[in-house]
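**Q** Chain order of the listed sequences is A and B. Just so you know, we're using my numbering here: the first sequence kicks off at 1 and counts up by one. Just so you know, we're using my numbering here: the second sequence kicks off at 66 and counts up by one.
It is worth saying that the hints were derived from the structure and are not from the lab. Treat each hint with caution, since some may be false.
[Unchecked claim] Just some of the chain B residues that point at chain A, by a computed CB distance under 10 Å:
| # | residue |
| --- | --- |
| 1 | Gln149 |
| 2 | Lys166 |
| 3 | Trp175 |
[Claimed, not checked] Once the Cα atoms are required to be at most 20 Å apart in a straight line, the calculated EDC-like pairs of lysine to aspartate or glutamate come out as:
| # | chain 1 | residue 1 | chain 2 | residue 2 |
| --- | --- | --- | --- | --- |
| 4 | A | Lys34 | A | Glu44 |
| 5 | B | Lys278 | A | Glu44 |
| 6 | B | Lys278 | A | Glu43 |
| 7 | B | Lys278 | A | Asp8 |
| 8 | B | Lys166 | A | Glu44 |
| 9 | B | Lys278 | B | Glu204 |
[Stated by the list, open to error] To list a few chain B residues with every Cβ distance to chain A over 12 Å, as calculated:
| # | residue |
| --- | --- |
| 10 | Leu153 |
| 11 | Glu204 |
| 12 | Leu291 |
Here a beta-carbon is modelled for each residue, glycine too, at the ideal position from N, C-alpha and C.
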Amino acid sequence: MPALPLDDAGPYVAAAYLIFLGLVLVYVAIMASKVARLGRDIEELSELVDDADIEREPGRAREPA
Amino acid sequence: MTFGRGLKPLSIATAVLLTGAFALVFFYAPNDADQGFVQKIFYLHVPLALVALGGFVAGGFYGLRFLRKGDRADDLRSYVVIHQSVILGVGVLATGMIWAKASWGHWWVWDEPTLVAFLIVFLLYACYWPLRFSIEDPERQARYAAVFAVIAGAFVPLNFAAVRFAQEAVTHPRVLDQSGGAMPGDMRLTFLLALAAMVCLIVTLCKFELTAKHARIRLRALRRRLAGDEPALRSSAPTTV
């Protein structure tokens, strides 16, 4: 096939690069949401640990998160 | 073990390299004499394909290391690098189909061995998750997944070597031949920078995922330990209403 003129080739090239960027962005967004969930789990776990410490030593104050 | 060591500078280097590579693609590399502007897809499609295939082989390497040493970190590495390679593989197929449509007038050409070979490899690795997660016992799961990764990882170069030796006249262009695809210097520099950027990208994404997965595994272990301690702690606590 002869080379496509710029007007016709432009959308194909743009589509290829946008798909790549979209793929990376979607992956990063999914991973960011997972990391955020991980952060919430860590907070929840540290509260549980604090509660356990308070139960062991009733006079002890809860540590700030 | 710290999977996340050096993640921040690596992420910055990846962003800089990707931006630099794409800038060279559009502002430095000349248009191809034969294909014109649409050949710009080459600088994305080929590095993605090489990195994805390299990732599959790396998955096999880590699988083999896990089978030899039994270190669960190698199983995690194998899992993550295969995951990343499959994601990049989706990119390879999508960009390849767009390039095929623009260059050949068809989204897919079934009698083109390179295309079909990549699709076979991609579909083979798509079976990795069903295989892995159909096994409940973690030890067996890791071992079977590692065996799969080693066999499939060995199949990748064999598959492409067979395609190359079997076919003399192919439509798909060759990049990794003795003439280096007969690229002029400015195109070659752009291609090499794009390839370096893709290598950095997969390493960064792998490190990112490894760090998150490792943290989740440790968190789960801590939660289990805490749950195990809880009855003893609760029994010593004063009963209040």
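**Q** Against this structure, judge whether each hint is valid.
**A** Evaluation of the provided hints:
1. The interface hint given for Gln149 (chain B) is met, as the beta carbon of that residue sits about 9 Å from the closest beta carbon of chain A, less than 10 Å.
2. Because the closest C-beta pair between Lys166 (chain B) and chain A is about 7 Å apart, less than 10 Å, the hint holds.
3. For Trp175 (chain B), the interface hint is violated, the least distance from its beta-carbon to any beta-carbon of chain A being 18 Å, above 10 Å.
4. As the CA atoms of Lys34 (chain A) and Glu44 (chain A) are separated by approximately 15 Å, the hinted pair is consistent with the 20 Å bound.
5. For the suggested pair Lys278 (chain B) and Glu44 (chain A), the alpha carbons sit about 18 Å apart, so the restraint of at most 20 Å is met.
6. A threshold of 20 Å between alpha carbons decides the hint, and for Lys278 (chain B) with Glu43 (chain A) the separation of about 17 Å falls inside it, so the pair holds.
7. In summary, the hint linking Lys278 (chain B) to Asp8 (chain A) is not supported, as the alpha carbons are separated by about 44 Å, beyond the 20 Å threshold.
8. For the hint pairing Lys166 (chain B) with Glu44 (chain A), the CA-to-CA distance comes to about 52 Å; that exceeds 20 Å, so the pair is violated.
9. The hinted pair formed by Lys278 (chain B) and Glu204 (chain B) meets the criterion: a straight-line CA distance of about 17 Å does not exceed 20 Å.
10. For Leu153 (chain B), the shortest C-beta to C-beta distance to chain A comes to about 8 Å, within the 12 Å cut-off, and the non-interface label is violated.
11. Glu204 (chain B), annotated as away from the interface, keeps every beta carbon of chain A farther than 12 Å; the closest lies near 25 Å.
12. Interface exclusion of Leu291 (chain B) from chain A breaks down, the closest Cβ pair being 6 Å apart, not more than 12 Å.
Taken one by one, the earlier hints fail for this structure at numbers 3, 7, 8, 10, 12, listed in ascending order.
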